[in-house]
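Just so you know, the sequences run in chain order A and B.
The numbering of the first sequence is our numbering, which starts it at 1 and goes up by one.
The numbering of the second sequence is our numbering, which starts it at 1 and goes up by one.
Calculated directly from the structure, the hints in this document are not laboratory data.
No experiment lies behind these values; they were computed from the predicted model shown.
Where a beta carbon is used, it is the ideal one built from N, C-alpha and C, also for glycine.
There may be inaccurate statements among the hints.
As the list claims (entries may be wrong) - Just the calculated beta-carbon pair ranges, DEER-fashion:
hint, chain 1, residue 1, chain 2, residue 2, range
1, B, P242, A, D15, 37 to 43 Å
2, A, R329, B, T419, 53 to 59 Å
3, B, T419, A, D15, 44 to 50 Å
4, A, H93, B, Q224, 48 to 54 Å
Claimed, not checked - Straight-line C-alpha distance at most 27 Å; calculated BS3-like pairs for lysine-lysine:
hint, chain 1, residue 1, chain 2, residue 2
5, B, K415, B, K433
6, B, K135, B, K343
7, A, K18, B, K415
8, A, K360, A, K18
9, A, K18, B, K486
10, A, K352, A, K365
Said to hold, decoys possible - Output of the computed footprint for chain A on chain B, the stretches with three or more beta carbons under 8 Å from beta carbons of chain A:
hint, segment
11, 49-60
12, 220-226
13, 425-434
If you want the building blocks of each chain, they are given just below.
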Amino acid sequence: MAMLNIDHDSQRFRDIVKGRVRRELRRFMSSKELIGKQGDQLVSIPVQEIGIPKLRYGKNEKQGGIGQGDGEPGEASGEPGEGQQAGDQPADHLLEVEFTVDELAELIGEELELPRIEPRGQRESNAKRARYKGISLKGPESLRHGRRTFRQALMRNISAGGYNPKNPRIIPIREDRRYRHFEMEEEPRSACVVLYMMDVSGSMGQAQKDIVRSQVFWIDAWLRHHYEGFEARFLIHDAAAREVDRDTFFRTRESGGTLISTAYELCQTIIERDYPVSEWNIYPFHFSDGDNATTKDNERCVQIVRDGLLPVSNQFSYAQVDSPYGSGRFLKVLQEHFGDEAGVAISRVTDKDGIMDSIKELLGKGR
Amino acid sequence: MSLPPERFVGESRNLPPELEAARQEITQLARGRGLDFFDTVFVMCTWEEINMLAAYEGFPVRYPHWRWGMEYLRMQKSYEYGLHKIYEMVINTNPSYAYLLDNNLVVDQKLVMAHVLGHVDFFKNNVWFSPTNRKMLDEMANHAARIRRHMDRHGETVVEQFIDVCLSLDNLIDPYAAHIKRHRAGAQRTLLETPSEGEVETPRIQTRDYMDRHINPPAFLESQRLRREADNARMQGVPERPERDVLGFLTDHAQLSHWQRDVLAIIRDEAVYFAPQGQTKIMNEGWATFWHTQMMTQEILGDHEVVDYCDHHSGTVLQQPGQLNPYKMGVELFRHIEMRWNKGRFGQDWLDCTSEEERRRWDQGAGATSPDKTGKTAGAQKVFAVRETHNDVTFLDTFLTADFCRAQGFFTTKKDPRTGRWIIDSREFALVKSQLLSHLASRGTPRVYVVDGNHAGRMELRLQHRHDGLDIQLQWAEQVLGNLAKVWSRPVHLETQVDGAAVLLSHDGAAMTRSSPGADAENAVAEAGAARGTA
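I would like the entire structure built from these sequences, with the hints used as guidance.
And the structure:
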């Protein structure tokens with residue numbers, strides 16, 4: 001019964017809902033349910049059913065209700081059900097509508113007016129495909145282009161004066177034959193690697209980590225949306241850094257001191273080892289509460305970013321989450337050194353309502 | 001895209017042999033019991049299909065609109081969560097189509113068939129359904145084709161948004177229109193009197209003084225004046241008397257483009273078609289249940305099916321504490337009527353009888369034999385007669401008795417002002433009955449009439465809400481009036497009452513304002529005075 005048009009109507013409804021979700025995106029952004037989902041996985045978002053306003057009687061508490069069953073006057077009667085009580089309120093039913101993470105990424109891009117990312121250079125251009133690009137005089141019969149062949153025969157006939165419109169007989173000969181012609185084409189494929197570094201030291205509380213995870217989720221969704229070849233690496237650090245898998249990154253609880261430079265060093269090592277700069281778009285992201293252990297280490301960080309990371313990266317991003325502990329000085333350090341650098345994005349998140357704006361700051365440069 | 005409905009109920013959808021046999025048996029039984037129905041085609045559907053059909057209100061081809069999609073999503077979800085399951089769906093057409101869910105038990109299918117034939121008998125014989133279009137399957141497909149054409153030409157979004165506007169007004173129809181010939185003035189009518197209230201103000205294009213004679217040359221002003229006069233003449237005294245069919249009035253008189261008028265007419269057609277189903281919900285369900293219970297328990301059920309039947313039947317007539325179930329209410333009242341007429345419990349003697357004892361034993365024995373050749377008892381004849389002429393309101397008003405109320409345990413409820421919880425208020429018959437009827441009425445639409453199509457001589461639309469104790473929902477009224485203003489393309493006004501005080505709600509297309517009609521008149525006078533003062 002595919003003849004029913006319900007798919008079309010459902011799509012219309014989804015389109016309308018999408019617009020509403022987009023406007024209320026901030027509400028969903030910090031939702032924990034999203035974390036850990038990827039790409040074409042579905043996310044249910046509760047949306048209000050759309051009511052068509054009609055002239056109706058209002059709710060009138062004085063009017064009372066009607067019921068049926070046992071009981072003495074004065075005893076509890078049970079709540080009046082729907083349709084029972086006069087006048088329905090404007091639709092307050094919730095309906096779960098499912099979106100893919102990709103769709104949400106698209107929505108967030110629209111809502112934040114994020115620029116589309118221009119992949120840097122044509123890297124890793126190794127994908128080759130055959131494409132039919134023209135017509136040739138030679139070729140296998142299976143690729144013969146019937147219409148072009150016929151047209152050629154017609155032209156020849158007319159120019160030779162042998163064409164009779166009353167009795168059009170066109171017989172293609174060998175020279176009329178035309179064939180489809182293909183060429184091997186190199187398709188530019190843009191590859192991208194994102195290195196997420198998260199500070200999991202003792203001063204990063206649960207609230208801070210949740211904010212970071214929400215941010216990572218959305219950044220991940222957005223960048224993934226733009227690159228066909230997408231890789232993500234996850235690094236956590238306290239006083240020492242190590243690489244973890246995605247799952248651990250999203251769930252881990254560590255504690256200890258903070259040496260940010262360890263993470264930057266590890267990041268640099270990974271890039272040098274696995275991602276030749278000529279083939280990859282590289283995005284290091286660092287999330288921290290900015291409470292580094294020593295001034296000396298701050299200097300070390302600046303040095304690594306300047307000499308090791310910036311030259312190879314599309315953009316180096318740092319987001320600092322406010323935390324009740326610690327100085328948060330690291331933000332200032334980076335701002336002093338890289339405030340004017342085009343390849344560096346620095347953002348501060350005060351609380352979870354700030355996630356949207358922070359993402360805008362981090363991704364708004366379109367690099 | 002869409003194929004005609006005949007394709008949908010194609011040959012591949014024959015019932016499996018067991019159900020076909022059941023269908024024939026049940027059809028015969030139902031005819032034997034005096035039910036008189038259109039031919040009914042049963043179509044097997046998967047739950048996905050049945051959800052689609054339910055979203056489309058039973059008609060496989062409807063015009064494109066997002067709300068079908070929303071309904072479908074809602075039903076898919078609640079079905080997936082096991083919250084609800086549609087047992088039966090049948091549409092009022094000739095032949096009638098009913099849909100069976102293919103993974104239901106056979107006993108369920110039998111129940112649905114018996115139930116559905118009750119509905120179709122009701123569709124065919126109840127007088128409120130008599131003016132409905134029995135070829136609605138074709139008509140709906142026709143509507144869909146027309147709306148698609150408008151969408152192709154003017155854009156899907158534009159047309160869909162106009163449909164939204166029309167739907168918001170689609171309960172402002174006259175539910176009795178099809179039964180009574182009313183005189184509605186057509187769009188082109190000649191008038192005996194022309195407006196004489198002074199000179200008609202001529203609309204001119206706003207401009208600077210020195211440009212005025214170029215921008216508003218005399219010929220242009222004259223044409224504007226004539227147009228305004230013609231408009232005024234056309235709408236003067238229209239409608240002649242208050243008009244309840246607001247949608248019909250708009251179709252005739254609103255300044256709409258061709259496609260808009262067509263869309264409005266389509267929405268009105270469909271609203272009129274569905275109106276009787278809202279008017280007879282309790283009766284219709286009650287009647288179908290009345291017959292399926294009799295046929296199932298007396299004839300159809302096999303021994304092995306009894307338990308499943310009881311389980312599912314009790315689900316449909318389940319009494320939630322403190323709530324009313326239309327199936328239950330309807331079927332009990334029909335049974336009560338049959339019993340009364342079989343035992344002769346009606347008429348003056350019965351009403352005059354005050355002895356409890358005598359009333360309890362009252363039986364004039366009309367239940368055993370048929371008074372005429374039909375073979376039906378007096379009670380059976382009565383219920384058939386009732387199903388022919390009544391709607392829910394008259395049904396309850398006429399047949400709800402104190403005995404019935406007591407037997408069914410009806411009570412009124414109120415919110416305890418102290419605890420905020422709902423408690424039983426009273427079991428007194430008069431209170432229960434009036435409460436019940438007022439509820440029935442309040443589920444319906446406030447009675448709204450067009451009283452003036454040329455309000456204040458400015459082509460504004462004035463409506464009147466005949467207030468009957470319940471206020472309208474203001475939040476929605478604002479949006480509805482806004483939509484009315486869109487269709488009318490001039491400001492609209494609605495007279496109503498809020499908390500006992502007369503109120504005039506006005507909408508100019510941008511926002512709603514609220515004034516009391518008296519103050520409005522005073523203001524107008526004051527303004528006029530001020531205007532004279534400055535002039």
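* Output the numbers, in ascending order, of every earlier hint that fails for this structure. => Failing hints, ascending: 6, 7 and 12.
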